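Two independent chains are provided; combine them into the complex using the hints.
Chains A and U, in that order, are what the protein sequence lines are. Sequence positions in the first sequence follow my numbering and run 6 to 357. Sequence positions in the second sequence follow my numbering and run 207 to 308.
Derived by calculation from the structure, the hints in this document are not laboratory data. Only a predicted model underlies this, so the values are computations on that prediction, with no experimental measurement involved. Errors might be hidden in some of the hints.
To be verified - No more than 25 Å apart at the CA atoms, straight line, and that leaves these computed lysine to aspartate or glutamate pairs for DMTMM-like:
#1 A:K90 / A:D18
#2 U:K230 / A:D204
#3 A:K74 / U:E303
#4 U:K230 / U:E242
#5 A:K353 / U:E250
#6 U:K229 / A:D204
#7 A:K135 / U:E282
#8 A:K236 / U:E242
#9 U:K302 / A:D339
#10 A:K353 / U:E249
#11 A:K74 / U:E242
#12 A:K10 / A:D339
#13 U:K230 / A:E200
#14 A:K353 / U:E235
#15 A:K130 / U:E303
#16 A:K353 / U:E282
Here's the letter readout for the chains.
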Amino acid sequence: MTEAKKYFTRLGDGSSIHMTAEEIKADIEAGVADAVDRGKIDALTPEEKQKIFDIVTMPGKIVGVEPGKEIVMSNDSGAYKINVKSGIPISVDTEVLIYERVLGCDSVDVGNTDYNYKTAKGVAKREASKLKNALNISIMPLFYGAMPNLGFYTKPDGPVDNWAVLLPEGRVKESMDAQEEAVHHAVRDIVYVAEQMNDVGADGFQLDTSGAAGDADFLASLKACEEITRKFPNMGVEIGMAGEFVLGMHGKLKYNDVRLAGLYPHKQVKLAEQAGASIFGAVVNTNCNKSFPWNISRVCTFLKACSEAAVIPVHANVGMGVNGIPMCEILPSDMVSRADKAIVEICKLDGF
Amino acid sequence: MLAAGMGGVRTAGDLVLRMQLAKKMRINEAKAYVAEKLNVSLEELCDVVAMSEVREDLRIGLCHVEPCNLENNGMEAKFRIAEKLGITINSVERFKERSGIK
Chain A
6 MTEAKKYFTR LGDGSSIHMT AEEIKADIEA GVADAVDRGK IDALTPEEKQ
56 KIFDIVTMPG KIVGVEPGKE IVMSNDSGAY KINVKSGIPI SVDTEVLIYE
106 RVLGCDSVDV GNTDYNYKTA KGVAKREASK LKNALNISIM PLFYGAMPNL
156 GFYTKPDGPV DNWAVLLPEG RVKESMDAQE EAVHHAVRDI VYVAEQMNDV
206 GADGFQLDTS GAAGDADFLA SLKACEEITR KFPNMGVEIG MAGEFVLGMH
256 GKLKYNDVRL AGLYPHKQVK LAEQAGASIF GAVVNTNCNK SFPWNISRVC
306 TFLKACSEAA VIPVHANVGM GVNGIPMCEI LPSDMVSRAD KAIVEICKLD
356 GF
Chain U
207 MLAAGMGGVR TAGDLVLRMQ LAKKMRINEA KAYVAEKLNV SLEELCDVVA
257 MSEVREDLRI GLCHVEPCNL ENNGMEAKFR IAEKLGITIN SVERFKERSG
307 IK
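Bound-form chain U, shown alone (with noise of 0.2 Å):
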């Protein structure tokens, strides 16, 4: 993780994961399209103070968060987290499915 890894929430690493999941894209692929979503360079796609204050200001959750009404992880994250990178979450469409959103 250390050695190699993106860090997951920390930075982007789970929106690239996801986007290597949903669409299949490699690497240099999913990084460029999750930086271009989230309108970053792809140096602060790998930065973890760059990613806090960007995953802050969209509400689509952090690794530590000062508790406050704004605080935004699980579910209502991947809700945003769906919307910003034009995706189905599979879990949120259960979701709005069983809370008769949907």
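With the rest of the complex left out, here is chain A (with noise of 0.2 Å):
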């Protein structure tokens, strides 16, 4: 008896592994399932599971969309990728150049490389004049980004007491009081910060890694958001999420009526786009233990079901760990264009 052909593919961890045509089928189904059981969404159809196997059993390195299909990109880098994480000496500008002119981006943030706006406060006049010189050189769109990063509001770096400190005490009522404190300084924060980059002339303003502290972070960007498309109208706003679920570290902190605790991308869209948001950033967890055809099924069985829910473009974040993307550094080629590939045809996503 011949053994079955294998197919290479990896685990969400990104080691390489290699899968029968019957065993990839059942991780597509066992991914879809788990989507749906936890979002409450509804199923790929079955001509959408075929697509996902053609698409990982498609011969090529690299595989692509189709003519026709291609999406733009935004960032949450901080255009700091290239003179700090690959250690070569360039000044900011010249690196949003290097995008925009070599590597053919539609478009960059600029940010502090400690990127939260609690630190960017600081120094945000001098974070501004960064931005305005790369603004007068360069062609396309230029945000600025940052995280809100509400964890660096507690003490001993921050104003407020430590819930992950009083909730292990059994302190609740003053870990509540604590994140809804924070959210106030973060929001302030934010806006002085949106305020340097709109008097600058910038393009967008991109809350990113939002929620990655629980409910009371995603509250925080979507007040800030409000404020800043109030204030300063032509500089449209990305909210970009921290994961595909917003965790309840408060519990009972609502927007407009809703409470966020455990909410998934197609109802986190909706709030996105209640708070003024140009762009939602939609997350969806990697899982490193599972084999990539069951990552990306349940990948895009989420953001098949935000992108319909969505009135606003919503762009999928491909980076290290999430949206199918292996939880890597270098990031390997053949699964993130597997992986970009299945969002766009699938999910008709607005961007990257």
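Dropping the structure here:
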């Protein structure tokens, strides 16, 4: 008896594996079922599952979308991937031009290497100056970007009690009060930074990794977005998420009467719209112990529901460890290009 | 980028993203809007060869320019993009304010 043909693919941690067609199909079914169960959303159709199978097993190291289905890209990198992460000593405005004229990006965000608004606030005018230099010499839209990162407002570095310390001690009320107070500090800082960036003519403002510290973190992004879009209508806001599910660190916080804890992307996007965001950055987590077929099927189920619910453009975050991309620093183009193709062609997203 | 992207100023990706940011247009609406404003087909909009000529003719910035006195990149290209797409570009407005044009 001949052994069944095996196809090269990867686990969520990036390590290579080989799977038979039957194993791949079983993982596609399981990934879709997991998203349906968690998100209470519709399953992919048999044709869409077959398309995922075709993409996973497609010959070629790198695959691409069908002509006419190209999308655009926003960014949450801070424009320091070349000068800081790769150690190539160039200025930020030069890095912006490399993104524009060498890499063919549609946009990039300028940001502080300590990528959060609490830190950016202290040097906001200098950050704005950096952005202004880049805006004068570039063509594509430029954002200013950072994370709300609510955890930075806790003692000893910040002004409020640390809810991660209070909760294990059973001090629930104090924990909730601390988070609510942190939201006020964060919104004030974010809007202050936004004002400096609008003053030099930023095209967009990126609230990256929203919800990283839970529902209060997401609330800070929504409230800041609301205020920024009201005060600075010519500077669009992108809300990019931290994960697929808003953690209920507080548990009772609401925005426009909707409880934030437990929301999945198809419901998160509706709140981003109400807050005035121009673009929503959707995230579905990668499970390191599961195969790429399992992960990308789950991702497509969630993102298709999100795209169908959305009125505004949705950009899928296709960075390390999210939306089917393996959890590793140096990304394998084989799986990245397959994730890109599946997300664009099945979920009909507007960008990455 | 190679697998799925429009390629920024290589084609018209920067312009399509501007319409998403400024008018919250979804991808197909934004592409159709930009194609109409530039008087090109949707196929040409994502074609690097066709769009290089269009961008050069309209002087709205290119990724690779043979240096000459007609070269338009940076702020001067954005003035033309704002007019061509019928949108307000924040940095163009600041430039006008601070240079005394407005």
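Hints, verified against the model:
no. : hint            : verdict
1   : A:K90 / A:D18   : holds (21 Å)
2   : U:K230 / A:D204 : holds (22 Å)
3   : A:K74 / U:E303  : violated (39 Å)
4   : U:K230 / U:E242 : holds (17 Å)
5   : A:K353 / U:E250 : holds (21 Å)
6   : U:K229 / A:D204 : holds (20 Å)
7   : A:K135 / U:E282 : holds (19 Å)
8   : A:K236 / U:E242 : violated (31 Å)
9   : U:K302 / A:D339 : violated (46 Å)
10  : A:K353 / U:E249 : holds (18 Å)
11  : A:K74 / U:E242  : holds (18 Å)
12  : A:K10 / A:D339  : holds (19 Å)
13  : U:K230 / A:E200 : holds (21 Å)
14  : A:K353 / U:E235 : holds (13 Å)
15  : A:K130 / U:E303 : holds (19 Å)
16  : A:K353 / U:E282 : violated (34 Å)
Hint check: violations occur at hints 3, 8, 9 and 16; the rest are consistent with the structure.
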